[in-house]
Amino acid sequence: MNAEVRSMKTAAEQALSAAFAAARDTLPGKGAVAALREDAFKRFDAKGLPHRRVEEWKYTDLRALMREAKPLAGPAGAKPKGDIEPVLTGVDANHTAIVNGRYEPAWSDFKDNDPGVSIVELFKFLADEPGYRLGETPGSGDPAHWLNTAFMSGGVALRVRRGAAPAKPIHIAYVFSGDAGAAAMYPRVVVIVEAGAQLTLIESFSGPEGVDYQVNSALELVIGDGARVDHIKVGCDGGAALRVSTLGVAVGAKANYKNFAFAVGGAVVRNQTFVRFGGEGSEGAIDGASLLKGRQHVDNTLVISHAVGHCMSRERFKSVLDGESHGIFQGKIIVEPHAQKTDGKMMTRALLLSDEAEADNKPELEIFADDVVCGHGATAGALDEGLRFYLMSRGIPAKEAEALLVQAFIGEVVEEIAHEGVRDALMFAALKWLGSR
Amino acid sequence: MALAVGQPLGRDGNLNRLIQVCEDEDVALLEIKNLHVEVEDKKILNGLTLTIEKGQVAAIMGPNGSGKSTLAYVLAGKDNYHVTEGDVLLDGKSILGMAPDERAAKGVFLAFQYPVEVPGVATMTFLRTALNAQRKTRGEPEFSTPEFMKRVRETSKLLGIDQEMLRRAVNVGFSGGEKKRNEILQMAVLEPRLAVLDETDSGLDIDALKIVSEGVNRLRSPERSMIVITHYQRLLEYIVPDVVHVMAKGRVVKSGGKELALELEATGYAQFADEAA
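As you go down the protein sequences, you meet chains A and B in turn. The numbering of the first sequence is my numbering, which starts it at 1 and goes up by one. The numbering of the second sequence is my numbering, which starts it at 1001 and goes up by one.
Misleading hints may appear alongside valid ones.
[As the list claims (entries may be wrong)] Okay, the calculated beta carbon distance ranges per label pair:
{"#": "1", "chain 1": "B", "residue 1": "GLU1237", "chain 2": "A", "residue 2": "GLU356", "range": "52 to 60 Å"}
{"#": "2", "chain 1": "B", "residue 1": "ASP1079", "chain 2": "A", "residue 2": "LEU431", "range": "21 to 29 Å"}
{"#": "3", "chain 1": "A", "residue 1": "GLU356", "chain 2": "B", "residue 2": "GLU1040", "range": "24 to 32 Å"}
{"#": "4", "chain 1": "A", "residue 1": "ARG67", "chain 2": "B", "residue 2": "GLU1164", "range": "50 to 58 Å"}
{"#": "5", "chain 1": "A", "residue 1": "LEU431", "chain 2": "B", "residue 2": "TYR1232", "range": "41 to 49 Å"}
{"#": "6", "chain 1": "B", "residue 1": "VAL1172", "chain 2": "A", "residue 2": "LYS432", "range": "25 to 33 Å"}
{"#": "7", "chain 1": "A", "residue 1": "PHE428", "chain 2": "B", "residue 2": "GLU1154", "range": "30 to 38 Å"}
{"#": "8", "chain 1": "A", "residue 1": "GLU358", "chain 2": "B", "residue 2": "LEU1219", "range": "41 to 49 Å"}
{"#": "9", "chain 1": "B", "residue 1": "THR1145", "chain 2": "A", "residue 2": "ASP371", "range": "50 to 58 Å"}
{"#": "10", "chain 1": "B", "residue 1": "GLU1147", "chain 2": "A", "residue 2": "PHE428", "range": "22 to 30 Å"}
{"#": "11", "chain 1": "B", "residue 1": "ASP1079", "chain 2": "A", "residue 2": "GLU358", "range": "19 to 27 Å"}
{"#": "12", "chain 1": "A", "residue 1": "THR379", "chain 2": "B", "residue 2": "TYR1232", "range": "51 to 59 Å"}
Hints in this document: simulated from the structure, not taken from any laboratory. We treat Cβ as the ideally placed atom computed from N, Cα and C, and that holds for glycine.
Let the sequences and hints guide you as you build the complete structure.
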């Protein structure tokens, strides 16, 4: 008996095979890109959708959760009126739209013409810059990422040139337009922040409420020496959506990288983040807040690799779980041999507002160097009754007291967002969520 | 300005409350009738009967375990305090079926023996949320921000609470004395009709005790009653009560004037242990 023998393909896996066979000749990109696709699909096909016996996917059994593979999304229609991402209304940013998996300049609103910033369609970028090797950032060995590489339909490459510091955030909005029913989209984005440059990068995910569309997105971010990146991911997916997002970050020396993952939407969301510190003297903060209700399932999985010494990483995730929702946090800090003087700390807290909600926290440390400071902490629990009573004894009704306490709980991490406008927008979204309970 | 014609009777919405107070002149503010309370199946209050008149400051003294703090929590409406018999009437109406926030809106305030730390909620935000929630429940208009700020600033100054403390999260990192002063600040801002002070003197040095007592004394008025719970006579030198009740084994065993407190200081509580048994 060979334990590696694959069982019968699921309906979704069969549909993915058929879709790849049908689309492989029409998907964009030639030569090296086409070879990359073929290779990725071959790898995916051998393993299939990740399931509960794959340790990294233990809590998000994609084989069970993804019953069918939706057809590839068609072209976007005309841009609807209003802001592309209502949650970010009021945030002064340059907007780039990726609709149904393809870059849509007509939906974008990129006002500033900064010579230090360039945004081009992904496959044009790959054709123009054969020197850039796609898929070299960490996380590319993940089965969901293979699937993105096999089907990637479009996206952008954003480059911030050496020393440039665009004044406003750059917002990449992933939108599913839902014009022709449920479908799948596979956007891929490359972001290169050159040495000494600075960028506030916002990604947002949204789509229609009642449509069970699927998103498999991937972003690769290369941060040069001395560069500074504030990265905020806003998950406002439609209530029936399934989304898997893979982020791979390669951090240079003396750089600073901050990431904040905010999630309120989606039926099933897997947000996986792979960060590799490859140059000494860098700092990273990977934070997040999830507010879930109903039967939502949101999985934040992090792998932070310290390949060199003298770097500091902080991970702080908070989740508020109501209804029968399921919040998952898996965080792994890897300290490679010789990565001495690494300072890594991870903290995760779940606040359970209902008896049926579930929180799974899995922090892990893999340390192969001996002169390091690493630690992790995880808590899960209900609202403190003593606190609730104190607030109520002052005249604050139960719901309002809970809202105030939840706001304070979430606020502690949201306040870490440097950009004031984004911080306020997300706090407002959290308040709206609380108001809708 | 010799004449006070047209001067408001009470601060804005308090007019309605004043009228109500005048109408119910014959009813005591608080009547506790034969109250029996269990906590985790343990009987703590055992037929407690007590009346607090309008404007009265009543001290409740008693040994540890006599049920003083339980009484405070039951009045404020804490969960898991089961009333098995008896009633608590405010203005002649039972409050036992009311949630803590409804009781607060009716004018009940508890100054906690151990004030809770509320991380992430600034004291100012907390005060404004509480005050406006109470006013909303009573059908009164919300306070404007400048009006509210003025009120808090004036009171906090008198209590020696600096503005920096008001911006900090409620009680987080406060010293024991600061926490107690913060309780009195909340009381001053919320203007309750019945304030229950649960061992407000515990953990205070003499200077802090003076500041807190002065804060409490400033709030004494014909419209406000207070229950001052204390183990020691010391506090009552600063907050001089109208009446003193002695509790033992879950009921009031003796009542008298302020001199009763001094008497107790000399004789101790041992005599009551026998009486209640």
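### Query
Which of the listed hints are broken here?
12
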